Every structure is written in C-alpha cells, then in structure tokens.
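A.B. asks: Protein sequence lines correspond, in order, to chains Z and X.
Take the working numbering: the last position of the first sequence gets the number 349, and nothing is skipped along the way.
Take the working numbering: the last position of the second sequence gets the number 1364, and nothing is skipped along the way.
Source of the hints: derived by calculation from the structure; they are not laboratory data.
All values derive from a computational prediction rather than experimental measurement.
Misleading hints may appear alongside valid ones.
What the hints assert, rightly or not - Covered stretches of chain Z (in silico footprint by chain X; criterion: 3 or more residues with CB under 8 angstroms from a CB of chain X, positions within the stretch not fixed): (1) 4 to 12; (2) 156 to 163; (3) 184 to 190; (4) 194 to 201.
Said to hold, decoys possible - Simulated restraints, written as ranges between beta carbons of each label pair: (5) Z/Q297 to X/T1207: 51 to 59 angstroms; (6) Z/N108 to X/L1026: 18 to 26 angstroms; (7) X/S1180 to Z/Q297: 16 to 24 angstroms.
Think of the CB as a built atom: it goes at the ideal place given N, C-alpha and C, for glycine as much as any other residue.
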Amino acid sequence: MSFLEVRDLKKHFPIRTGILKRTTGHVYAVDGISFSIEEGETLGIVGESGCGKSTAARVILRLLEATAGSVVYDGIDVMKASRVEMQRLRRDMQIIFQDPYASLNPRMRVRNIIGEPLRIHQIGTPAERRQRVIELLETVGLNAEHAERYPHEFSGGQRQRIGVARALALNPRLIICDEPVSALDVSIRAQVINLLEDLQDQFKLTYVFIAHDLSVVKHTSDRVVVMYLGKTVEIASSDVLYDRPQHPYTEALLSAVPIPDPETERNRRRIVLEGDVPSPTKPPAGCVFHPRCQRAQEVCETAMPPLECTGDAGADHMVACYFATRYEGVPKRDAPSKDTGEAPAR
Amino acid sequence: MDELLLDVQDLSTHFMTHAGVVKAVNGVSFTLHRNETIGIVGESGSGKTVAALSLLRLVPDPPGKIVEGKILLKGRDLREVSNEEIRAVRGNDIAMIFQDPMTSLNPVFKVGMQIAEAIMLHQDKSRRDAWRMAAELLAKVGIPDAESRVNQYPFEFSGGMRQRAMIAMAISCNPDILIADEPTTALDVTIQAQIIDVVREMQAQYNSGVILITHDLGVVAEIADKVMVMYGGRTVEYGPIDEIFYNPHHPYTWGLLGSLPRLDLVEKERLTPIKGQPPDLLMLPPGCPFSGRCGYERPDECPLTMPDTEIVGPEHGVRCWIPNDERVSARSELPRFVARSK
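Bound-form chain Z, shown alone (with noise of 0.2 angstroms):
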C-alpha cells in the first residue's frame, strides 16, 4: 500500500443556469486521474492552466468533495472519512498556495498567521505556541522580530516563507505545494525551491508538486504527472519523462519549453500545437487530445486510451496514447480497431 493513493478521481462542477438555477452541464475539472505516492517522494504535477491540477490539489485533501473515486492516505479513505477524523487528517495534510499576496490574510499579524494552525488544533499553552511560530520563522529563514509584522511589510519571497511556515506548523507528513514558486521573481524562486528542499530532508516530508513550469517540475519531481483536461496522459519517473516522453502532448509541451541557451534553441527542433485547450465543459469525445493532436486517427476520436505501461521505459512509465512513441528494442503495441470492440468504453 502507498503513502497516499489516488483512485479513479473525479470532480465535476455543476454548470446552473436560468432562475431556477438547474444544472445544464458539467465542467469535467477532473476526470478520473489516479496515481500513488511512497513516502518521501515528490510527485510533480504538470499542465496548462485549466487541466485540473489545482482542483486534483483541492479534492485530495477534501477542501471540495469528490464527484468520484477514492483518496486513501495512510489506510484511510479521506473522502470517507468523519469529521473527527478528518480534524486529525488535516494535521498531517497541509498545503501552499499559489499567490503569497492573496493567500496571506492582511490584517493579521504573523504570529497569529502561523500560530493559527495550532490553536485550532490546541495545541500547546500560549506561551508554548509563541515559541513554536519563532522556531518555525527561523526554519524557514525569517527571524523572531518578524513575528509582530503584518503581510503587506514583506516581499513575495518572504510572504511564501510565511505560507510555507504555516504549512509546517502542524509538523505535516505531506505537503500539496500549488504553485508554490510561480509568482516570484527568477531569483526569489531559486531561494524558495532550495527551501522546499532543505525541509523535505529535514522533516522526511511528501510533496505534491503542482506547476506548469516544466524545468522547475523537473528540477522538484522525483516521478512527473502529465494532465490534459482532467484527464492523465502520462506518468513516469521525471528522468525517464523528460528524456523518452511517449505521449505526443507531453513532446509538444517539453519542446514549447524554451531553454535558456542559445546555442540549444537554436539547434532544437519545436512542435507547435495548434489551436487551444478545449473548453472542460464540452471535452472532445475520445482521446481529449485528438483535436490538436498530429497523430490522430479514427480510433483516438472514439475511446480514450487507457492508461497504461508500455513495457517500454521502465514499469513505472505509464501512457494514455494508442500511438505512444516508441523507443528502441521494445515490440509495438497493436493499436485497438474500432470494430473489434477492443477499444474501452469512456
């Protein structure tokens, strides 16, 4: 059993229109993604903006209910669990967000920032509590005096040192970190990945990596997830990924990735997708790529691949593509006909 498992998860928002607000479709945020975590592990998830990643975030640790599936931490099924055992998940479930500005409460002091967590959770005397959120300031680099600050006196690097003390304060075993580092500057955020490092060593902890920077997913990520509107194309060891990416969105967006080198840039060849995302309220039938996918073929229009080991990279490279790239010295997998039946039902 893994540290944290995924199941089949999916999440759909309502879409309510007229007056007497009745439901008129669906936004498919997530549409079944699974995937397993050890211990100590960092997981990168990676995709354009509207692919899900950030509500995947939300519904693993149940700030949003689930429209299926199962999330099992440590045994126990978070999306079944009762309140009180919920209470005690959250402790061990924390997360940071995105924007240091916004999710930093500006009326609070710092020491009640981070002290929070812990008097909901009562822990410790005051006096015990004070100390904690001094100790926690100087893990995360600040220091004691900046306890008595509000938010608006600190930088964008310094407030998500803030959010990643709060994050720490309940001494969590896992971290889903929303991206964490998108809204610093260059070199803020080499500080703030550093520190995430530090404290992953230093507190044996999980992370969940959330971003749409690749090279900063890569550089995190000891196994990469790759989402497309709600759906998983592919998972594989962030070596492996980057080096043999098989499912035909990922080449696309590795090689969208511009590198800073010259020489490189100059010498590498780019697919350029075309078109945009689809809406998530009316995801393409079949392969939720096959419209800006150059590979495509009757068959990718009618059921979406299953997710899957290739026998090619290693166990852990898995992908949802009837045409995955191969690589030397593996047997090609017969695509499934359409009239076979072979092909699963979505």
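With the hints as your guide, set chain X onto chain Z.
C.D. replies: Frame of chain Z; chain X shown alone:
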C-alpha cells in the same frame, strides 16, 4: 548593419512620490536597428517596463518624469516633439504589445472595431476599408475564421487569441518598432510558443526592430539578438546574446543564469539563488544597485559610486567594480560555469 531606428542615450525616468524620488530608470542607453531584436531582461521593479513606456512618453506625469536623456527615433528626439507629434508616433512608428491581453483590450467594443480604430486614426482609410483590413490582419496573425471573429467581443477570445489580436492591432500601421512587454507571461507554454512564432513572422515580414521585455531568459535565448540586463533602474550588462549567455561578466547576470532550473540538463544540480530580497527602489545606494546582494562587493567602492561601462567583448559592456581578471576567475568557480568552460 541595417538602418538605425532607435538610439536611446542616458535615459532617466524618475517618479516623484510622497515618500521620495524613485529612480525607476537611471541612465539607460541602447540602440535598435531594423530586423534586430533586443531583449530587456530584469526582475519586477528593475525599470524595464518604465524604460519602454518612456520611449513613447506614456509614463504618467505627475508623478513620473523623464528627467534626462535623448530618445532618438531615426534622428528625431522624441522628448522634444509636441504632444500631437508623439501621438502620431505611437502606433504608427512604435507600437506596443502589452503583457496582459485580458486587460488591454476594451471589453465593450468588438475586436474588429478596436483594430480598425487604430487604422482609421493613423491612415486615411474609410470605416469599411479599416474593418476589412482588421479582418485581414487577424487572419495574418493566425486567427481562424477571421471574417466572423472581427465581430466578436474580447471575452469570446481565448488568452492566446487575444494576444494575437493585440499583435494584429500593433502591426496594423506597419510600425518600425514593436515593443513587446512580457507578451507571453500570462500564457501557457504551448500558446507561448505560438505567440513567439507570430512575433517572429511579423518581424520578418515588416522588417521591424523588436524590443522584447521579459524576465524569462528562455524566451530571450529563443528570439533575441542582443540583451540588456537591468537591475534597480540601471543597465548592469549588455551585449550580443551569445556573449551574455556564455561570457557573462556581471554577478547579477550570473545569478540570473544560476537560479534557473534547466530542462535540458540531466544532472540535478542544486540551484544557486541570488541571496537577499529585491531592492527597495526608494533606498537604492548611490552606487551599484546590486551591492548588498552581490557577494563579491567591495564595501568602499560598490555602494558609493556606479562604475563606468567597461567593454569586455564585441559590443559587450558591463558596469562592475570588480577587475576583469578577478571576475573571470570568480565566475569559473560557479557550478553552472564549471560545466560550461570546456
């Protein structure tokens, strides 16, 4: 070398605030030729956007004021011309693409109208002709079904399409200079790649000079011919693209390059961030704005006076007090450059 379009000399733009004078741009010089792309790189608050706005005299006055320098557009100083003349320059000679396509389009006018407006303002065209041109321009920047898209409102466009519409508007009067202020920052990477391609195609077609303002060194590596690195309102280093990436001389440029996670490197190396926090622009030292975060600084020189530009290579200048040979040896000890100096 192609025709010299723009020659900016010693440009300074200050903001007079209640708290004091903010020297947002402080003695910045650069040139731009036809068919050339200059990347202006720096973090938030480095003055790169204010520098670009100053070129068009778009800095709000008060509190902002261009206090010094020359902005020579084909020899004519834009600081000297009348308000009417600068309006003719805007959009016609120099056009700008803004960072956020969501807020820079007017939500209550049709996209076609907004493009046609610029055409009617600068060219002697009828309304009907301007609309027809708007549709052609949208098609040119790669918007499918442009004929019907001109009649839509911005909210009906996706982020990437809005940015394409902004580009269509910018090129509508065939400008000599295109300023792109963080044109792809608000967009996803696959859309970013599309937009970069459009900018490149438009530049090739109209032989414009492009000023690309960005914090993303990846984008710079992809399309710029030369780079100017700004920090705290100052140019700290400038040079041809290869010089900046392979022979950087300023510690801030090293810091920028060293703090980027790289997609193309197999080895997972620890990032070398720039220490400290971004500077408070109200309290910049009279000398080098990077002193205090630099790590190589000389306390009796660096914070007190700004060094002159030292030429360290072809068209490559740096403003730093550290002597050249010491700089080169300090750089060779940085993780990123150890691997590079093969």
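A.B. asks: Give a verdict on every hint.
C.D. replies: For each hint, the structure was consulted:
Counting residues of the segment 4 to 12 of chain Z whose CB falls under 8 angstroms from any CB of chain X gives 0; the rule of at least 3 is not met. Given a C-beta distance limit of less than 8 angstroms, the hint that chain X covers the segment 156 to 163 of chain Z holds, as 3 residues qualify and 3 suffice. For the segment 184 to 190 of chain Z, the stated coverage by chain X holds: 3 residues have a C-beta nearer than 8 angstroms to a C-beta of that chain, and at least 3 were required. For the segment 194 to 201 of chain Z, the assignment as covered by chain X holds, since 4 residues bring a beta-carbon within under 8 angstroms of that chain's beta-carbons and 3 suffice.
Here the CB-CB span from Z/Q297 to X/T1207 is close to 27 angstroms, at odds with the stated 51 to 59 angstroms. Checked against the hint of 18 to 26 angstroms, the pair Z/N108 and X/L1026 fails, with Cβ atoms roughly 53 angstroms apart. Taking the beta carbon of each, X/S1180 and Z/Q297 are about 20 angstroms apart, inside 16 to 24 angstroms as hinted.
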